[in-house]
Amino acid sequence: MTAIEKSVAELASLVGGHVVGDGAVIIRRVASLSAASAGEIAYLEDEKFLQTAEESKASCVITREKLAIDTPCRIEVKNPKLAFALIAEVLHPPKQRAPEIHSSAVIAADAKIGKDVFIGAFVCIGEGSSVGDRTQIRAGAKIGDAVTIGDDCVIHPNVFLEDGVTVGNRVILHAGVVIGTDGFGYVRAEMGYHKFPQIGTVLIEDDVELGANTTVDRGALGRTRIGKGTKLDNMVHVGHNCDIGERVVIAAQTGISGSVTIENDCVIGGQVGFGDHIRVLSGAVIGSKAGVLPGKIVRPGVWWGIPIQPLDEYKRLNAHLSRVPHIREELKELQARVKELAQELRKHNE
Amino acid sequence: MTAIEKSVAELASLVGGHVVGDGAVIIRRVASLSAASAGEIAYLEDEKFLQTAEESKASCVITREKLAIDTPCRIEVKNPKLAFALIAEVLHPPKQRAPEIHSSAVIAADAKIGKDVFIGAFVCIGEGSSVGDRTQIRAGAKIGDAVTIGDDCVIHPNVFLEDGVTVGNRVILHAGVVIGTDGFGYVRAEMGYHKFPQIGTVLIEDDVELGANTTVDRGALGRTRIGKGTKLDNMVHVGHNCDIGERVVIAAQTGISGSVTIENDCVIGGQVGFGDHIRVLSGAVIGSKAGVLPGKIVRPGVWWGIPIQPLDEYKRLNAHLSRVPHIREELKELQARVKELAQELRKHNE
Amino acid sequence: MTAIEKSVAELASLVGGHVVGDGAVIIRRVASLSAASAGEIAYLEDEKFLQTAEESKASCVITREKLAIDTPCRIEVKNPKLAFALIAEVLHPPKQRAPEIHSSAVIAADAKIGKDVFIGAFVCIGEGSSVGDRTQIRAGAKIGDAVTIGDDCVIHPNVFLEDGVTVGNRVILHAGVVIGTDGFGYVRAEMGYHKFPQIGTVLIEDDVELGANTTVDRGALGRTRIGKGTKLDNMVHVGHNCDIGERVVIAAQTGISGSVTIENDCVIGGQVGFGDHIRVLSGAVIGSKAGVLPGKIVRPGVWWGIPIQPLDEYKRLNAHLSRVPHIREELKELQARVKELAQELRKHNE
Chain Y
329 MTAIEKSVAE LASLVGGHVV GDGAVIIRRV ASLSAASAGE IAYLEDEKFL QTAEESKASC
389 VITREKLAID TPCRIEVKNP KLAFALIAEV LHPPKQRAPE IHSSAVIAAD AKIGKDVFIG
449 AFVCIGEGSS VGDRTQIRAG AKIGDAVTIG DDCVIHPNVF LEDGVTVGNR VILHAGVVIG
509 TDGFGYVRAE MGYHKFPQIG TVLIEDDVEL GANTTVDRGA LGRTRIGKGT KLDNMVHVGH
569 NCDIGERVVI AAQTGISGSV TIENDCVIGG QVGFGDHIRV LSGAVIGSKA GVLPGKIVRP
629 GVWWGIPIQP LDEYKRLNAH LSRVPHIREE LKELQARVKE LAQELRKHNE
Chain H
329 MTAIEKSVAE LASLVGGHVV GDGAVIIRRV ASLSAASAGE IAYLEDEKFL QTAEESKASC
389 VITREKLAID TPCRIEVKNP KLAFALIAEV LHPPKQRAPE IHSSAVIAAD AKIGKDVFIG
449 AFVCIGEGSS VGDRTQIRAG AKIGDAVTIG DDCVIHPNVF LEDGVTVGNR VILHAGVVIG
509 TDGFGYVRAE MGYHKFPQIG TVLIEDDVEL GANTTVDRGA LGRTRIGKGT KLDNMVHVGH
569 NCDIGERVVI AAQTGISGSV TIENDCVIGG QVGFGDHIRV LSGAVIGSKA GVLPGKIVRP
629 GVWWGIPIQP LDEYKRLNAH LSRVPHIREE LKELQARVKE LAQELRKHNE
Chain U
329 MTAIEKSVAE LASLVGGHVV GDGAVIIRRV ASLSAASAGE IAYLEDEKFL QTAEESKASC
389 VITREKLAID TPCRIEVKNP KLAFALIAEV LHPPKQRAPE IHSSAVIAAD AKIGKDVFIG
449 AFVCIGEGSS VGDRTQIRAG AKIGDAVTIG DDCVIHPNVF LEDGVTVGNR VILHAGVVIG
509 TDGFGYVRAE MGYHKFPQIG TVLIEDDVEL GANTTVDRGA LGRTRIGKGT KLDNMVHVGH
569 NCDIGERVVI AAQTGISGSV TIENDCVIGG QVGFGDHIRV LSGAVIGSKA GVLPGKIVRP
629 GVWWGIPIQP LDEYKRLNAH LSRVPHIREE LKELQARVKE LAQELRKHNE
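Protein chains in written order, with our numbering: chain Y, 329 to 678; chain H, 329 to 678; chain U, 329 to 678.
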């Protein structure tokens, strides 16, 4: 990989920033404030690290506007962390493998393969499937029949896409992702379980990223969807017929039962559990390890606990609960006091 | 895939149902009430959807017996959802790949391969292993040495079966399933951990289905077993020496420590955690996200919470706990009242 | 696999034990007390199983020193379970595959492959990578570019190591492990999320073992590390920039967010969730299903619950909480009693 070089002035212009210092300084890498060395750019987000930034060996530091700081060279912007991410996209673009179809790949005769595609060793692509331009399908990925994959995707090693799955443009599927397997639905008969039909589809929209070993089941009769720009961490489970909106973020190991709707722009922590037929309204934030009961409608706001409550109420109730030992003591004291009073009164009455 | 066509009369006879309307109508697919169109059959489970059923464009609706409903054609049965599942099995049978052994597959010389078997690209089958008739082993699955796989199984892509694992008939293993890895057992010595021997086996009985990326460890010294007709969802972890009975259902991301016994016909929710050496008695139902302490015996009934309690008790205690803020207020009021009384009494005594 | 045979005297000498009985007896396998038969050795850990040991058909039983027990032959040691594990290492060594590089493997021209290495079918090894002596890389494992793997490792089927990952000596990676994928970090912009750079590395030190389908993300800018002798169970998630120390044990399905430090010799249960930027100090033990809030410092001791509390406090508070229904009753009684007193007093005053 040949290194990319940009001047501070070029990077500032890229992010709409203002250079304070020498715009001709050359930058080759992003780094953290404390680990950076010459040729690297870092960013300062939280001003409690101001001293770290001043002592940093970075050739340039990205800061917020009009910050009182002593550095040899910096770029001032509104959102330093975002600018840092945008600069990193330029200096460290995702690896673009040279177009190639490995001789060991098994590709159906009628599969449509776009331009400048990379297909690694031991990949399978089934009948009637199509792969968009510049998409990379890495070693060992298995693509079923009638699968559609858009442009500029990266399908990492050992991913599996079952028959009929549709994947948009610029989608990243990390290693071990499984999409389109049968959902978990059975009907109990006298002698055991019969599979409820699992014959629907899956739609993964543009700019989605799914973490390693995440699984997305196909719809039972309808469709499972993951909306544009949504990001799932490792080992998330998405059940049949879920409808996850756009720009949703879901942290690792969260499990979503069948027919759950999560609207646009929700943020879901790790290890959260959703019962089936829940609707999470746009703008809701659900804390890690929360549990949401089946059928629940979750309104905008911050939610916490098992089952979920508004974070404020959760905190308030927990503060009360932590006082229960004290309540027991006070109750005992009061019981004793009442007994005394009763005795006093009785004495008085005698 | 050539479509399968059946008349309503044929389907009714298949499920022991009674036709109300024209039995000659042709059906090609199952669908939901709201999405169905001509040539499709749907079912009505819950009568709150009666109007949806009456407005459905399905060519036939399956309903319970003697239901007052206005549809052009329907099949009356005792259990509409079960009938729907059985009809779906006929109209949408699992994909039966044409028998083939892909030229890239690496199969040990002494492996026994049954009749009409499908073995996909990049499959490995080790020494002394056997594969039953009509079993499908899809691309990239890895079968170790001395593995026995029965008839009519579907082993999906990238599954791994370690040496010595036994799999019954009609077993479905979804993509990424791992069976027979070492269990998690160590003995602490002065300078670190030594592996406790993990040299046992795994038995997966007939009609089991395991979800994507589920893992089942081998027995340490004995055997890990998953009983006939049991269904596990995605990313379930089954530890060494577990004995899971018949017709057990376990939802996604549940984790089962070593040496746990779950008897026949139990139902376990998602994200449940089991400590080791637990015994769950036949007929127990454990709610999602529950935690079961090591060594516990779980009796029939519905269980909930961390650690588990009978659902009734869990609900009752939680109702009480939600009253704690109120208790604190009442206690304060009572303290004030007692103070008043004391003052009154004192005044009176003066 | 040819069976290994050792005399009881040889085994006793191996573990520094003392033979009581005939040291010439031949042992071929380890087994549990109840399942053992002739030629097998078992161990007695807990004296409540003394009778089981006396009735065992094992040819030899390992016990603690100077135990009053009636067996034909035994080995006395300080730590019977550890001795059993050490003997099992000798009688049941991990399978050592004969050195081979399978003809289907795709290995970069400049990759360095050590002596006596096993490389299975459909393995890929990328540019600039190196594999140490006697290491086994099983079928379907995918090794990226610039990956370093030490000596005597076992990389099980379908493992994926991303570019730049470093793995020490004697490391065991079970099937489906994924190391070095992008961490989960985004910066929100107006129209959606931008990836925070994920360009760091992963270091897996000597003697680490990772369970099936476990995932370890690369550092965002720095490094993710798993220290010497540490053992992770199945489906553990390790986020970007985590630093897991030496001899740490983590049970199945635990999730660790970014930038968490877990110091040496900690023990972590299953399904635990860690927020980001936590530091767990050496010697802490965290119970299964616990939740640790972001930024927390966890001191040595035993911790439990969501959020974690010292186990003692957790138990005490829970005992108090279980008394809440009783508190409500007592409070009601006291309210009634105070009312009576008030009436008595009023009557008296009249």
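Just so you know, not all the hints are guaranteed correct.
The list cannot tell twin chains apart, which means a pair is met if one copy fits it or any two copies do.
[As the list claims (entries may be wrong)] With a straight-line cut-off of 30 Å between C-alpha atoms, the simulated DSBU-like cross-links for lysine-lysine are:
id	residue 1	residue 2
1	K643	K556
2	K556	K660
3	K334	K660
4	K394	K443
5	K675	K523
6	K624	K440
7	K523	K443
8	K643	K660
9	K624	K376
10	K376	K667
11	K667	K334
12	K643	K624
13	K376	K523
14	K423	K440
15	K385	K409
16	K334	K440
17	K406	K556
18	K624	K409
19	K334	K394
20	K667	K406
21	K394	K423
22	K523	K406
23	K423	K523
24	K385	K523
Keep in mind that the hints were calculated from the coordinates and are not lab data.
Failing hints, ascending? Hints 1, 2, 3, 4, 5, 6, 10, 11, 16, 20, 21 not satisfied by this model.
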